[in-house]
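4 protein chains.
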Amino acid sequence: MTNTMFNSCIQACSNCALVCEACASACLREENVQAMARCIELDRDCADMCALAARLMSRQSELAKEFCALCAKICRACGEECAKHQMDHCQECAKACMNCAEECERMAV
Amino acid sequence: MTNTMFNSCIQACSNCALVCEACASACLREENVQAMARCIELDRDCADMCALAARLMSRQSELAKEFCALCAKICRACGEECAKHQMDHCQECAKACMNCAEECERMAV
Amino acid sequence: MTNTMFNSCIQACSNCALVCEACASACLREENVQAMARCIELDRDCADMCALAARLMSRQSELAKEFCALCAKICRACGEECAKHQMDHCQECAKACMNCAEECERMAV
Amino acid sequence: MTNTMFNSCIQACSNCALVCEACASACLREENVQAMARCIELDRDCADMCALAARLMSRQSELAKEFCALCAKICRACGEECAKHQMDHCQECAKACMNCAEECERMAV
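Chains A, B, C and D supply the protein sequences, listed in that same order.
Read in the UniProt record's numbering, the first sequence has 74 at position 74, and its numbers run on one by one without any break.
Read in the UniProt record's numbering, the second sequence has 22 at position 22, and its numbers run on one by one without any break.
Read in the UniProt record's numbering, the third sequence has 66 at position 66, and its numbers run on one by one without any break.
Read in the UniProt record's numbering, the fourth sequence has 58 at position 58, and its numbers run on one by one without any break.
Possibly wrong hints are sitting among the right ones.
Claimed, not checked - Derived DMTMM-like pairs (lysine to aspartate or glutamate); straight-line CA-CA distance at most 25 Å:
#, chain 1, residue 1, chain 2, residue 2
1, A, Lys73, D, Glu62
2, B, Lys65, B, Glu30
3, C, Lys65, B, Glu66
4, D, Lys73, A, Glu62
5, B, Lys65, C, Glu105
6, B, Lys84, B, Glu30
7, A, Lys65, D, Glu102
Hints were generated in silico from the structure; no laboratory data involved.
Construct all of the structure, not just a fragment, from the sequences and the given hints.
Set out below in structure tokens:
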């Protein structure tokens with residue numbers, strides 16, 4: 001990756017996107033899917049936002065900073081929801097989301 | 001990431017997607033953009049394919065293996081084109097594409 | 001849209017992608033989410049595949065035909081699952097998927 | 001499409017995303033690619049933003065309105081750049097972008 005300025009945020013977003021995808025799929029395989037509906041909903045948005053954030057930063061897009069500000073919001077919302085659930089996939093996702101939120105907030109300034 | 005089976009291929013695809021985005025943007029800033037047109041075109045397709053491959057594997061989608069077979073093709077095409085150009089971004093992209101092609105081929109079997 | 005050759009397939013894919021997104025979200029709001037888990041899973045894959053199919057065709061990508069062949073498969077799988085459920089969002093999605101499968105199959109030849 | 005509230009904005013975004021993809025590809029085939037570099041760069045960002053805007057609205061995501069506000073900005077930037085170029089693909093793209101910007105601005109309020 002050549003964009004050293006954005007590098008740690010790109011990695012955090014790229015990782016968070018995939019952890020959210022995995023979390024949504026694992027939630028769908030839980031016995032009580034009902035209880036995971038909100039988590040799945042946020043995972044989907046968070047995955048899409050983080051994936052595009054990583055893309056825009058890799059491009060050094062002029063949109064990147066403003067996008068990161070919005071991305072941080074969904075990361076926090078998703079991380080807070082995931083943190084409520086004890087399954088490993090949700091706990092792992094909560095950590096990835098919170099880390100990504102911090103990276104995006106730092107980028108957005 | 002919980003999908004250990006797919007793990008190294010997910011990482012290769014995720015990395016390749018972003019390196020292709022960065023390469024396309026760097027190509028657009030070259031003095032002779034004309035010479036890079038084919039490279040940019042392939043970078044765009046390769047970035048999209050690799051990003052979706054990483055997503056599908058993270059989801060453990062039943063489509064993942066067949067998708068990886070197709071993804072390997074565009075990675076090879078993009079890697080071969082990039083390898084022709086001496087700029088760092090193209091050489092780095094060629095490496096990421098070839099590595100990703102191998103990982104996807106292994107996954108596709 | 002300038003790609004008249006691909007035009008009706010692009011429209012079918014573009015529409016199917018969004019109908020699948022709407023169907024997944026509506027499924028998550030059903031009382032018995034459990035029963036919709038498979039539908040949501042397929043909706044996610046189908047939405048991503050159709051969205052990328054539309055993109056590749058709009059670009060006149062050399063990958064478009066092979067991609068459409070794979071896209072048709074997930075459209076059929078998603079359409080068959082949706083057809084089993086009586087809710088409007090699933091019935092509408094089944095129709096969009098089947099129409100898209102046919103368009104993609106025609107394109108793939 | 002079941003989201004009547006968002007419907008015309010979803011259609012504008014979905015169309016704009018694909019017109020931008022087509023415009024970027026057509027720009028890459030122009031004799032003077034150099035002159036189109038900025039246009040291609042904006043087309044890529046605008047295509048990605050509009051595609052995700054359409055997705056989020058189709059999901060009735062709580063992020064949709066804020067996302068549309070940001071999407072409107074890139075649509076305007078891309079539309080203004082495209083409007084400078086006389087080729088049909090750029091003129092068509094300028095129109096799609098400006099229409100999409102207006103729809104997104106209306107949605108964002």
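Quiz item: Are B:Lys84 and B:Glu30 close enough, with their CA atoms no more than 25 Å apart?
Solution: holds (15 Å)
Quiz item: Between C:Lys65 and B:Glu66, is the straight-line Cα distance small enough, at 25 Å or below?
Solution: Cα-Cα ~15 Å, so holds.
Quiz item: Given the hint that A:Lys73 pairs with D:Glu62, does the C-alpha gap stay at or below 25 Å?
Solution: holds (11 Å)
Quiz item: Is the hinted pair D:Lys73 and A:Glu62 satisfied, with a Cα-Cα distance of at most 25 Å?
Solution: holds (11 Å)
Exercise. For the pair supplied as a hint, B:Lys65 and B:Glu30, confirm whether the alpha-carbon distance does not exceed 25 Å.
Key: Not satisfied, since the Cα-Cα distance of roughly 36 Å exceeds 25 Å.
Quiz item: Holds or violated: B:Lys65 with C:Glu105, Cα cutoff 25 Å?
Solution: holds (20 Å)
Quiz item: Holds or violated: are the alpha carbons of A:Lys65 and D:Glu102 at most 25 Å from each other?
Solution: The given pair, whose Cα atoms are some 23 Å apart, holds under the 25 Å limit.
The earlier numbered hint that this structure contradicts is number 2, and it is the only one.
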